[in-house]
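Engineer: Listed here are the chains, written in short residue letters.
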Amino acid sequence: MTKTELLQIYRKLLVVRMAEERISAEYHLDEMKTPMHLGIGAEAISVGVVHCLPKNTKVFGTYRNHALYLALSDDLDGFFGELFGKNSGHARGRAGSMHLSHPDHGLILTSAVVGTTIPVAVGTAMANNYQNKKETVAVFFGDGATEEGVFWESINFACLKKLNILFICEDNDLAIHAFKKDRQSYESLERALCAFPCHFAKGNGRRVDEVIKTTKVVLEKMKETPGPGFLHLDYFRIVQHVGPGFDFDVGYRQKPTDPLEYDPLPIFEKHLSENRISNTELSQIRRELDKKISMAVENARKAPFAPADDLYLDVMMEV
Amino acid sequence: MTKMMSYRNALVTAVTSEMEADPNVFVFGLDVPDHKRIFGSTAGLVEKFGSKRCFGTPLSEEAMTGIALGAAMSGLKPIHVHIRSDFMLLATNQIINMVSNVRYLSGGRLSVPLVIRAIIGRGWGQGAQHSKSLHSLFAHIPGLKVVMPSTPQDAYSLLRAAIQDPNPVIFLEQRWLYDIEGPVDLNLNEKLGHAAVKKEGKDVTIISTSWMTVEALKVAEVLNKKQGIDAEIIDARSIAPLDEKTIYKSVRKTGRAVVLDYDWVYCGFASEIAASISEHCFDVLKKPVLRFGFEHVPCPTTRPLENLFFPAAPKVIRAIENMFRKAPSDFKDEYFFSYDNKFKGPF
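Sequence lines, in order, name chains H and L.
392 is the number that this note's numbering gives the last residue of the first sequence; the numbers go up by one with no jumps.
348 is the number that this note's numbering gives the last residue of the second sequence; the numbers go up by one with no jumps.
Hints in this document: simulated from the structure, not taken from any laboratory.
One or more hints might be untrue.
As the list claims (entries may be wrong) - Derived, one-sided and incomplete: chain H residues facing chain L with beta-carbon distance under 8 Å:
(1) Thr197
(2) Ala200
(3) Gly222
(4) Pro329
(5) Thr330
(6) Leu333
(7) Glu334
Computed from a predicted model, the values in this text were never measured in an experiment.
Where is the CB? At the ideal position from N, CA and C, for every residue including glycine.
The shape of chain H in the complex, shown without the other chains (with noise of 0.2 Å):
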């Protein structure tokens, strides 16, 4: 990768960062009421995934989705907005953190039940098939969303009909607080779904150049034999599952000792560093981001809510 290319990812991977910090330490003000699923840990998926993702992907994603949106769009203003419940926001406020889109930018769809967009994005896969276009589709989840049964039915139909499609699960091995040895019967998820036509690829989801190279192969296999695609990639979920806190601060896991194991940006740091990029380089990019996130909070902090004659405006689409 070229040096741009590298600073570009790292500010992405930054980005996604410090705004889920800022949500942390400005959660306690009361004024983002929405139930934060922070992605701390994860942000490597996203970025390196989008990162190779072709032009016009329509991406589909869940309740964890900061990194996503951000990945995607870089609209922070929209993005706090959104979480401040304001008329800025994509959706002015009806969606907030659970429900995060932002079409224009790809982001079509994220949702609050696990598994509910993955046949969405199947259907959208499908529409492009019966419409002749080439574009691509991809939908991210958890491991726990592999125990839906809509899971099974959209693997299913998306090898049936060689979608378009790339499934990346995001494995953290945790359902809230439950472990996949309580709650999975089969030896792996390759194991599981190694009867399915997809190319499947597993890849350590902490490292996003790691990341990268596996999204690469994966999607020049799905050009060569059509057919979906499917990701297994795996991290550390540093914070707990919703709010900013962490899960070993209650002694319920233990934390590993070296941030180099399990956090993804002193990785890609080390990385950087190992491709002589200087911290001076990198300590700039922090700086100017924490001045825009500083700016978008203020942004959203100042915007107005919805009217209230907007309770009842898009429910449906008049006729």
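Knowing the structure of chain H, use the given hints to seat chain L on it.
Structural biologist: Relative to the frame of chain H, chain L by itself:
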């Protein structure tokens, strides 16, 4: 152009004409292209439009509904067919959590032009899992339209309107209605959301849904003949949105209202209508609003109990006679509908 046709042929004719008009319309669901063609209601589609636009699916109701949503959001116009409404319950997660609120949660950026057709079974032991209508359940959810046509004309016009509508529509077809013959004006364009006055009258307003419109007409006929009571019949047709104006206008004229619904009464459409009439027409009501619907048990299979389960004209006539303090009329020479004695029309 007006033609005589059955309800099932009216459905096929409507879908065919919409598929001809718009290449984005497609039909899919379990059994849609098989040799039985959903009681004939998808006949000829696969031959005419090919398997790209008319196809069967895996037994995956939830995923297929999500897939329909994805397709609808991408500019296509899917028609998803369920051979029984009961099977639609497997898809309620997508319908209620996703389909109904995508537009709202996207701040109006996305729209969902989706039609879900489902058939309400009845008779010959359809039983607890093949006979639900579920319109009250879906009408309860903001963001969904719910339609129940009762005539060949409505099957044709309202299905076309549903396909043209940019919002999600649940379209419920009662199985016995399939055999009804009636005139269909192929040029009649309607929009969803309007009730139909099936018969004008001055003494009592009967608000009916789906098959109960057939029963209501029978009720009116007997009451008129035997008691001189002149009932006005309003077929709700659109459960959501509701044409309240037409209903209130009629009740303001008659001062009496009876709701004949094809669903359970408790927390159902009949209760909703009764409550709304009480709120808006209390000053003119001469009697409390009466409600009829399914008995509050799962639908039994055995015929004698099944006959008790479904609301039917004789019971309604007795209640209205009572409302007018009339002695019960003689039913000896009356012809009432049953599985063995189905109504074939025309209306």
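Engineer: With reference to the structure, classify each hint as holding or not holding.
Structural biologist: Going through the hints against the structure:
no., hint, in the structure
1, Thr197, "holds, 4 Å"
2, Ala200, "holds, 3 Å"
3, Gly222, "holds, 7 Å"
4, Pro329, "violated, 36 Å"
5, Thr330, "violated, 41 Å"
6, Leu333, "violated, 39 Å"
7, Glu334, "violated, 37 Å"
Of the numbered hints stated above, those contradicted by the structure are hints 4, 5, 6 and 7, listed in ascending order.
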